[in-house]
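Enquirer: Work out the full structure, taking the sequences as your base and the hints as a guide.
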Amino acid sequence: MVTIFINGEPHDAADPSRNLLSFIRFDAGLTGTKYGCGEGVCGACTVLVDGQPLRSCLSTVGAVAGGSLTTIEGLAPEGALHPVQQAFIDEQAMQCGYCIPGFIMTSVALLNREQSPDRAQIREALSQNMCRCGTYQRILRAFERAASPGDVTHA
Amino acid sequence: MPEDGTPEAGLHILGEGGLGFPAPQRTYARVAYGNTQPDAEKARWLTVRPDGSVVAYAGKVEYGQGIRTGLAIEVADELRVPLANVEVVLGDTARVPWDMGTFGSQSTARVGLQLRKAAATARQALLEMAADRLDLPAGDLRAEAGRISSSSDGNRAITYADLIGGASIVHDIDSDIALTPRAEFSVMGKTHTRIDAEARVTGRALYSQDIVVDGMLFGSVLRRPWRGAALQSVDTSIAERMPGVVQVVREDDLVAVLADTDEHAAAAMNLLQTQWGEPAPTASTIDLPEILLSSAHDPFVTQEAGSLEEGFTAASGVLEATYFVPYVSNAPMEPRAAVASWDGDRLTVWAGTQRPFGINTELAQRFGLEESQVRVIAPEIGGGFGSKSPYPVAHEASRLARIAGRPVRVAYTRAEDMIYATMRPAALFRIKSGFTADGRLVAWECHAYHAGDRPFLGRRGSDSPYDAAHVRVTTYTSDSPLSTGSYRSLGAAANHFAREVHIDEVAAAVGLDPVEFRLRNLSHPRFRRVLEHAADAHGWQPAAGASRRGQGIAIGVDVGSYIATAVQLDVGGREVRLDRVTAALDCGLVVNPEGARNQVEGSIVMGMGTALYEAIDFQDGRVLNAGFTRYRVPRSSDAPAIETLLVGDDDTPSTGAGEPGIVPIAAAISNAVFDRTGERQRELPIQRHLR
Ligand code: FES
Ligand code: FES
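In order, the protein sequences belong to chains A and B.
Oh and the first sequence: position 38 is 38 in this note's numbering, straight run, nothing missing.
Oh and the second sequence: position 362 is 362 in this note's numbering, straight run, nothing missing.
Simulated from the structure, these hints should not be mistaken for laboratory data.
No residue lacks a Cβ here, since even glycine has one placed at the ideal position from N, Cα and C.
Certain hints may be false.
[Said to hold, decoys possible] Derived list of chain B stretches under chain A, where covered just means 3 residues or more per stretch with a C-beta under 8 Å from a C-beta of chain A:
| no. | region |
| --- | --- |
| 1 | 63–70 |
| 2 | 207–216 |
| 3 | 260–272 |
| 4 | 598–606 |
| 5 | 621–632 |
| 6 | 639–648 |
[Stated by the list, open to error] Here are some of the chain B residues that sit facing chain A, going by a computed Cβ distance under 10 Å:
| no. | residue |
| --- | --- |
| 7 | N85 |
| 8 | T193 |
| 9 | R194 |
| 10 | A197 |
| 11 | A331 |
| 12 | P335 |
| 13 | A337 |
| 14 | G382 |
| 15 | G384 |
| 16 | A411 |
Expert: Structure, rendered in structure tokens:
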């Protein structure tokens, strides 16, 4: 039996080899984290472990035992949106929206690491995720808006 | 109406169920998708609730195109309520009017019009109620922001909520009702954030992959290793003893493991011992051109004018070339998934399909039920790009749930989704053109060979828009080793690729700039306008032949919308770096400009993938590169800066913005690669063919 904390709540897992993404989605019931490829290449399943990004589809519950996870549902626990979430809304950075939780978690992780990342760092981080609807230009703008609120000039 | 038949409080607007779908389209739906049109009984289209908020009902689904917001905007304007007060219920066969399916922007426009009429009917009813209550002539009243007030005395006013109170009022749509003139729109045509955006950024939006119901089992279905493979024998004894396995099902062609978790189901599935029978397929990627040509049948002339013989005789130059596009995968971000649950002889299925009513009919037929005993709910859909009309997992989940006596979930893995869903057909084109020395096209002969069994896919967008007097375009249906289906713009993107590269070749052959050459041969004003706008905004630099700058352009038309796209790129080794794309779109009146731009940007990125990287490879009938590790799609590091100009007239009816963006982009890229390198790229994906 292992215990992990998701968005501050303890969750017990009987089987440490349980796939982390499946555990989050089906056992903990937090379906905001998505399955896109199961191979670690699309980023739809990105969660934060102690603030850093993890592709949950390639991990197990045991691998993060005792760790503190944040999923998309835990970003705005008080109701007010996280600035990154708000920026994705403001820039209309979504179509079907299936990839968006993953992109938001990747963005938050980068901002946790770097206060003001340069363009190359942003591109590098965001290219870890896929958006098949092709909203990249808007996602990039949303990131920039969230990273430097106040000096975004475009509408 | 509510399920128990008693109308709940509110103002309800009813209309014919299948309205908006003229007879030819119903026939098309039946022939193409097996839909049946239920007797046109009345359905509820709109309700103004006792608190003044509004719910609109439509049989469409939201799969990324922003339809929920688009429809809400139309209702908000017509009913004079803030956008935030409008909710739109979509794709639930128990709650919304019948709909053929979400695949044509024309039918979407028709549903929008129907909702506007419903909203205008509601507004009229409210005005009449207010005239009564305020004891004022209706002509003196106006509706604004959810209330009705006197034009002469602003203090005399009443809100929609107060007008309705606890009453239940029912009206039929007045189909002749006067709609709000354009000049009075206050919501339409402006920038709005999507009404469903917050659900998406918080993870609350539920997709089929996310549906979990009490007591649900996870199903893993045995998949055939190649198209047409027949199962000869299967040994399930080991799988049955695996942890978490509840049942191993075998019913006719369906073999599946049902288990308590997704992982247990998948692990046991791997332990089935199977034997697959003949015929073993032999076709491989390399055989495609030969297959497309030698198996071609059912030639169909989509365009004919003059006499080719005369045209080629009159020509001073003739150019012949062959073009090829491989199979590509729609690969929507969300792999298909369905959950089915039986309650006695009533079946509920959550399935992210574009045609919930079609699937409803199919399931009713399969199980011998009335259509009303089946409810299909299409939740949010994580993309589809045309391919989520067939939805086999809905059938599998329903069959398994019936056998197990418990709800069952069946979900494709990414690899399954790429292999067992349909792909865009591979196609080959032979084009021969004749032209004069001063750059006039006189003859155009095109033979288009599209794989697959649905001729209408390949016919779309095959016509040439240029002025040549002697034209014949013939499309053929060719055998397909892989299963094909709808893809964004159907065959139009492939047809446009071949045509617009060929046009570029002719321009180079006659020593004219590609924009200049096109304008010389295009009299259609909407084509000329988009072309001029795109070239202008892009900063097009006229040049005859390869200028080495890396600029390329192409035009297109799809779903009644006209587009021209210019690109700027660089080539380094076998990598193409797309820097900048400028698109000018004329889709008539624009309801939601940001939504339209978003769609064009997405189409460009998707089309860029088909131009540069994407191809499904197969050997002996088996797909080799399923999954995103082996099938490259564009990422943010690949994506160009995109500028989209909306150049249509407000007086021209709205046409689609979701598909036209993809039709010229591959040709524009190929033409730009030529401009940069001097080498023509007649085969996709280009990066495989760069030296
Ligand atoms: S689902 Fe984990 S990276 Fe794609
Ligand atoms: S919005 Fe659909 S995959 Fe990104």
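Enquirer: If a hint holds in the structure, say so; if it doesn't, say that too.
Expert: Checked hints:
1. 63–70: Coverage by chain A holds for the region 63–70 of chain B (4 residues, Cβ < 8 Å).
2. 207–216: holds (count 4)
3. 260–272: As far as the region 260–272 of chain B goes, the hint holds, because 3 residues have Cβ atoms under 8 Å from chain A.
4. 598–606: holds (count 8)
5. 621–632: holds (count 3)
6. 639–648: holds (count 3)
7. N85: violated, 18 Å
8. T193: Holds, about 5 Å.
9. R194: holds, 7 Å
10. A197: holds, 4 Å
11. A331: With a closest approach of 6 Å, the B:A331 hint holds.
12. P335: With a closest approach of 7 Å, the B:P335 hint holds.
13. A337: holds, 9 Å
14. G382: holds, 3 Å
15. G384: Status holds, d = 8 Å.
16. A411: Given a least distance of 8 Å, the restraint on B:A411 holds.
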